[in-house]
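Q: Here's the letter readout for the chains.
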Amino acid sequence: MYVIIVGGGKVGYYLTKELLAAGHELVLLEKDGRRARQIADEVGSIVLQRDGCEGKHLEEAGAKRAAIVAAVTGDDEDNLVVCQMAKHHFDVPRTIARVNNPRNESLFRHLGVDEIISPTRMALAAIEQDIPVHELLHLAQLPGGRLELIEAQIAEDSPAVGRRAADLSLPDACSLLAIIRSGNAQPIRADTTLQVGDTVLAISRTESGDQLHDALIGAADGGDPD
Amino acid sequence: MRAFIAGCGRTGASLAQRLAEAGHEVTIIDTNTEAFNRLDHGFPGRALRADVTDEDQLRRAGAEGVDLFFALTEGDNRNILAAQSAAETLGIERVVAKVNDPVRAEAYRALGLATLCRTRILADALATWSGLPHEGGAEGVAPATGHHQAHHEETADQSSDGTAVPAGGR
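So the sequence lines, in the order shown, correspond to chains U and A.
Under my numbering, read the first sequence as residues 165 to 390, first letter to last.
Under my numbering, read the second sequence as residues 67 to 236, first letter to last.
Among the clues, some could well be false.
Some chain A residues judged to face chain U by a derived CB distance under 10 Å, without partners named [stated by the list, open to error]:
id, residue
1, T119
2, E121
3, G141
4, R144
5, L147
6, A148
7, T155
8, D167
9, E172
10, A173
11, Y174
12, G212
A few chain U residues facing chain A, derived, Cβ under 10 Å [to be verified]:
id, residue
13, C217
14, K220
15, N243
16, V245
17, H253
18, N265
Just so you know, these hints were derived from the structure itself, not from any lab.
Note that CB positions come from ideal geometry on N, CA and C, so glycine has one too.
Kindly generate the complete structure, drawing on both the sequences and the hints.
A: Quick look at the structure:
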């Protein structure tokens, strides 16, 4: 299978090596001369110092007989143009674009790019798994072992937004201590209305964590990442 | 009319100035705020720092629902991305992209983008000045020859080799 890779950054470089190892025929277009020579020193003469966005260069690289064009530069606009030129000018059956700004994913799909790889989104997803973004933070266990000091960030999707402290359905024996709003701490009174961005400090029984979570963060099941 | 201009270079700045002076509501953006020095002191429009390739920033700058959208940055590809995003995602009807590479300009006309190719315009002006005949399609904004589509359909794309289709031939 003949593959054209555009962009010799880290992604393009490792992709080239992997595909070569798998026995594919390919050419790599890298517009920076020094980078192109660097890679050529290692993988041989399949590297062309060319700007893959130029129709002329894609043609020289054999776009007309390519089965796949993969545009993996660090610039979304370049990757889009490479894929569109490949698809609409050279009838390449399969185009793959690296998308760096996750917001561009749907636009690229809409504009006919067949396959999207989004390293940013992949990294975010992996990191978010390790960092609970919308969780209660257990700050300290109070003497006696039954009560905890807890911090909660009030996000947009929190059911507490716009509600008065007195109207929240808090678990038994739970007390809201203070909120931190715009860098200032203030006491929470019955008529204090919670806002997006508030940090709430509370003391609660260790076993009522789930209930407090539902009241301040929201029900735990709404796992739609979008 | 409401006009949105991306890229405050010489072209963008003078266009912004003219549209604003003619009474239109103009927003001009650039990633480099120093570029706004090209605007007159009393420029009546809005000048905002924003990246034209970022849809969120475009929306925040108020690009949604404008009547005219000009992608005039120094990068052909950036203009191409921005113009398609404006047409497809923001639903703006009148969109122009400056694409200085003639091959790309022609290719994107066939894909439904009105383009402005400085290279062709200048070369034609100079050739005409030298006494050569005027080249068709090299004047001003070249209208799209093909039309936008959600390109999900398979290979049957009638305009993919449409570089020879004359301007306005749709």
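Q: Does each hint hold? Answer for all of them.
A: For each hint, the structure was consulted:
Evaluation of the T119(A) hint against chain U yields a held restraint, the C-beta minimum of about 6 Å falling below 10 Å. The beta carbon of E121(A) is positioned within 10 Å of a beta carbon in chain U (closest approach about 5 Å), and the interface hint is therefore held. Interface hint status for G141(A): upheld, as the beta-carbon distance to the closest one in chain U is roughly 7 Å, under 10 Å. For the restraint placing R144(A) at the interface with chain U, the shortest Cβ-Cβ distance is roughly 5 Å, inside the 10 Å limit, so the hint holds.
Given the 10 Å rule on beta carbons, the hint for L147(A) holds: about 4 Å separates it from the nearest Cβ of chain U. The closest approach between the C-beta of A148(A) and any C-beta of chain U is roughly 8 Å, which is under the 10 Å cut-off, so the hint is satisfied. Because the closest C-beta pair between T155(A) and chain U is about 6 Å apart, less than 10 Å, the hint holds. At a threshold of 10 Å, the smallest CB-CB gap from D167(A) to chain U is about 7 Å, leaving the interface hint in force.
Among the interface hints, the one on E172(A) holds; its C-beta lies about 9 Å from the nearest C-beta in chain U, closer than the 10 Å criterion. With a least beta-carbon distance of about 5 Å to chain U, the hint placing A173(A) at the interface is held under the 10 Å criterion. Interface hint at Y174(A): satisfied, since its Cβ lies 8 Å from the closest Cβ of chain U, which is below the 10 Å cut-off. For G212(A), the interface hint holds, since its Cβ comes within 10 Å of a Cβ in chain U; the closest pair sits about 9 Å apart.
Checking C217(U) against chain A by beta carbon gives a least distance of about 6 Å; that is within 10 Å, so the hint holds. A cut of 10 Å between beta carbons decides the hint on K220(U): the least distance to chain A is about 7 Å, and the hint holds. Using the Cβ-Cβ criterion of 10 Å, the hint placing N243(U) at the interface with chain A is satisfied: the shortest such distance is roughly 9 Å. For V245(U), the shortest C-beta to C-beta distance to chain A is roughly 4 Å, which falls under 10 Å, so the interface hint holds.
Annotation: H253(U) was flagged as interfacial toward chain A, and the flag holds, the nearest CB pair being 5 Å apart, inside 10 Å. The closest approach between the C-beta of N265(U) and any C-beta of chain A is roughly 6 Å, which is under the 10 Å cut-off, so the hint is satisfied.
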